[in-house]
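Residue numbers (numbering that gives the first Met the number 0), protein chains in the order written: chain A, 0 to 202; chain B, 0 to 202; chain C, 0 to 202; chain D, 0 to 202.
Any given hint could be a false lead.
25 Å max Cα-Cα, derived DSS-like pairs, lysine-lysine [what the hints assert, rightly or not]: (1) K5(A) x K62(D); (2) K130(C) x K57(C); (3) K37(C) x K37(B); (4) K95(B) x K57(B).
Hint data in this document are derived by calculation from the structure and do not stem from the laboratory.
There are 4 protein chains.
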Amino acid sequence: MDPISKLSELFAEFPGIGERQAKRFAYYLLRKPSGFRKELALQLAELGDRIAQCVDCKRFFEKTTTDLCETCRNMNTDKSVLMIIEKDTDYDVVRKSRSYNGAYFVLGGMIPILEKQPSYVRTGELLERIKKDTESGVLKEIILAFSLNTQGDHTDSELRRILEPTVVGKDIRMTSLGRGLSTGTELEYSDSKTLEYALKNRQ
Amino acid sequence: MDPISKLSELFAEFPGIGERQAKRFAYYLLRKPSGFRKELALQLAELGDRIAQCVDCKRFFEKTTTDLCETCRNMNTDKSVLMIIEKDTDYDVVRKSRSYNGAYFVLGGMIPILEKQPSYVRTGELLERIKKDTESGVLKEIILAFSLNTQGDHTDSELRRILEPTVVGKDIRMTSLGRGLSTGTELEYSDSKTLEYALKNRQ
Amino acid sequence: MDPISKLSELFAEFPGIGERQAKRFAYYLLRKPSGFRKELALQLAELGDRIAQCVDCKRFFEKTTTDLCETCRNMNTDKSVLMIIEKDTDYDVVRKSRSYNGAYFVLGGMIPILEKQPSYVRTGELLERIKKDTESGVLKEIILAFSLNTQGDHTDSELRRILEPTVVGKDIRMTSLGRGLSTGTELEYSDSKTLEYALKNRQ
Amino acid sequence: MDPISKLSELFAEFPGIGERQAKRFAYYLLRKPSGFRKELALQLAELGDRIAQCVDCKRFFEKTTTDLCETCRNMNTDKSVLMIIEKDTDYDVVRKSRSYNGAYFVLGGMIPILEKQPSYVRTGELLERIKKDTESGVLKEIILAFSLNTQGDHTDSELRRILEPTVVGKDIRMTSLGRGLSTGTELEYSDSKTLEYALKNRQ
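Bound conformation, chain A alone (with noise of 0.2 Å):
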């Protein structure tokens, strides 16, 4: 098969991409200068190169002397507290709202209702970083930072059982976001539920 359908192919595995915009990846980068896809290709080879996995919370950082990722270093990082969040990038939201400033803990994915669990949601990894932190007597709050959707609802359910046993009667407490209006929401249409956490967190 010629490169361009080769390209459109693989293009069209990206997330969110259908058959005819890869095919316009291809045709675009086929008008670019050579220099932009060498650049391109470097930079993937890179990625498996430089880039690393942080082994205490799971991130993809750039590699460096050591297998943390700078936020696990930082002794400025309040340990005591432990935001577990499903991917990479709701790691750079949260740190661009400079409203947090404690460790995280990447999941890797949400935890299904029906299918089995797949391999890449880390509980496991989670339960021993948990255990870990627990006997080192530093951690006292685990935060659930899950988006407000059914699988989100279901996983957060599903750590607290997990968890439960390994904190219960450590006095860790184990919260999950606040709920209530979001920017741009219209009071007419929000949800009972919503309005619900709204009145509650009222101040």
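We have chain A; now place chains B, C and D onto it with these hints.
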């Protein structure tokens, strides 16, 4: 002008209705049996005759012997809390959530940021109402319940400014609906402000 | 039931209007001066009194001394061409284009593919009309002007089948609207059928 | 800068890709086995090595011993008709329709209305091509096949102006794709221009 065009013009004034849909409404009514049109005309007349505005909360309600709506009349309504909302439909939404049992006041609209305040925004009547409730000593909390957009934020802060002198030193709290993740919000797409409150209100 | 709920119910039957918007209509009318509601009710009554259906083309038009709409009355209307359209609004669109000066017939709806044909689709009256025009010898062309979707295609072929026996050997053409690129169409996104016609009709 | 950010930057230059999705691509590639990234990098290199531009129609095609694409080489291609299209993907769409067997010329882009013409729009090379075909006497028709938007209309009329002197008196037709209803068009929503052509091209 013929009734079809005239009707189309009137429907085109309805919120969110363009010329084309307005016209479709007119033709739709032509095809419907005359009984449907008669019923519609009847109910339009009824609106004026059978609907009154509550003297206390300014809500529209079905006329009764009293000039108070069922909520303002109801002995079980907790008069110590007053929720200020923008419009009647917001009342329906809050009721549906079954998470609030206090009193209401329908402001009638948002306080505009630039233009002068329209007459239908009842800040004057609100102030009267608050003064009355304050003297009677029944009022303990005012909840500002507006949509989380620039207009809602502006209305919130304006009302706090306007009501401050009346409630100061009277041990009356002024609160706003709690902010956080609302149902459906994906962490990845939530803004910093929402995340900040979601973390503050975590539980 | 109170007039607000009743009105909301009636508006919810309007094409493309959901419960929420229907309710907004009711509250919108409450806020409007009673004059607006009176005018609306008046025009609703006028619809039945002042609008008639043209005996020839079945269009709704403002009652006059005759039972023919202005187009069917008009001496300048080219009676040798008859355009069959689905509904009254299609008439307005064709008129607006100023590219047709012939006669019309409003079928009243599309011919469904699976369900039995509804009474408001006037194939019977159309056949009568065609027979009359054929005998008078005035008719030279029948234009089938339906939307280019499965229902429109089906209606087109069904009418050709139904009308065939009446027009055969009478030197009356049966045509359908030309196909090709329509304003806004991007070549990249146009389907094979459209391209085929766009090439056939190139000029 | 780390490869994730760098890759995100490169992907963000892709047509229709925003920063957020670009980032998601980078993380997606991180999670994929290195084999996928290697394959992608390989195909990017292949693009430059194995894809050539046809000297006649300017299309990109898989390199062979000749410098002509399969269509320009093909004995069965009807060289008496030349279709001028904007880009390579348009070629694929026309081929798919199986309704054209003539030659092509890829212009490379639309002729802008206000800004100066970009270098990648090959009006010069087109003129050369037409001159050649005219002298050889093989050319009988030029089809201008552009999208039906303001830019496409402008490109159509500009090319007619540019090519006129060359084809005049040579008995070569210049045509544009036919206009009319395209698949999916609803009569009610079609504009006057489209209706005008739909009537003119009725059959």
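Now for the hints, and whether the structure bears them out:
Taking the CA atoms of K5(A) and K62(D), the gap is near 15 Å; set against the 25 Å cutoff, the hint holds. Distance hint between K130(C) and K57(C) is fulfilled; the C-alpha atoms sit about 16 Å from each other, no more than 25 Å. With a C-alpha separation of about 13 Å, the suggested pairing of K37(C) with K37(B) holds against the 25 Å cut-off. Under the criterion of a C-alpha separation no larger than 25 Å, the hint pairing K95(B) with K57(B) is consistent with the structure, at around 19 Å.
Comparing the model with each earlier hint shows no violations; every hint is respected.
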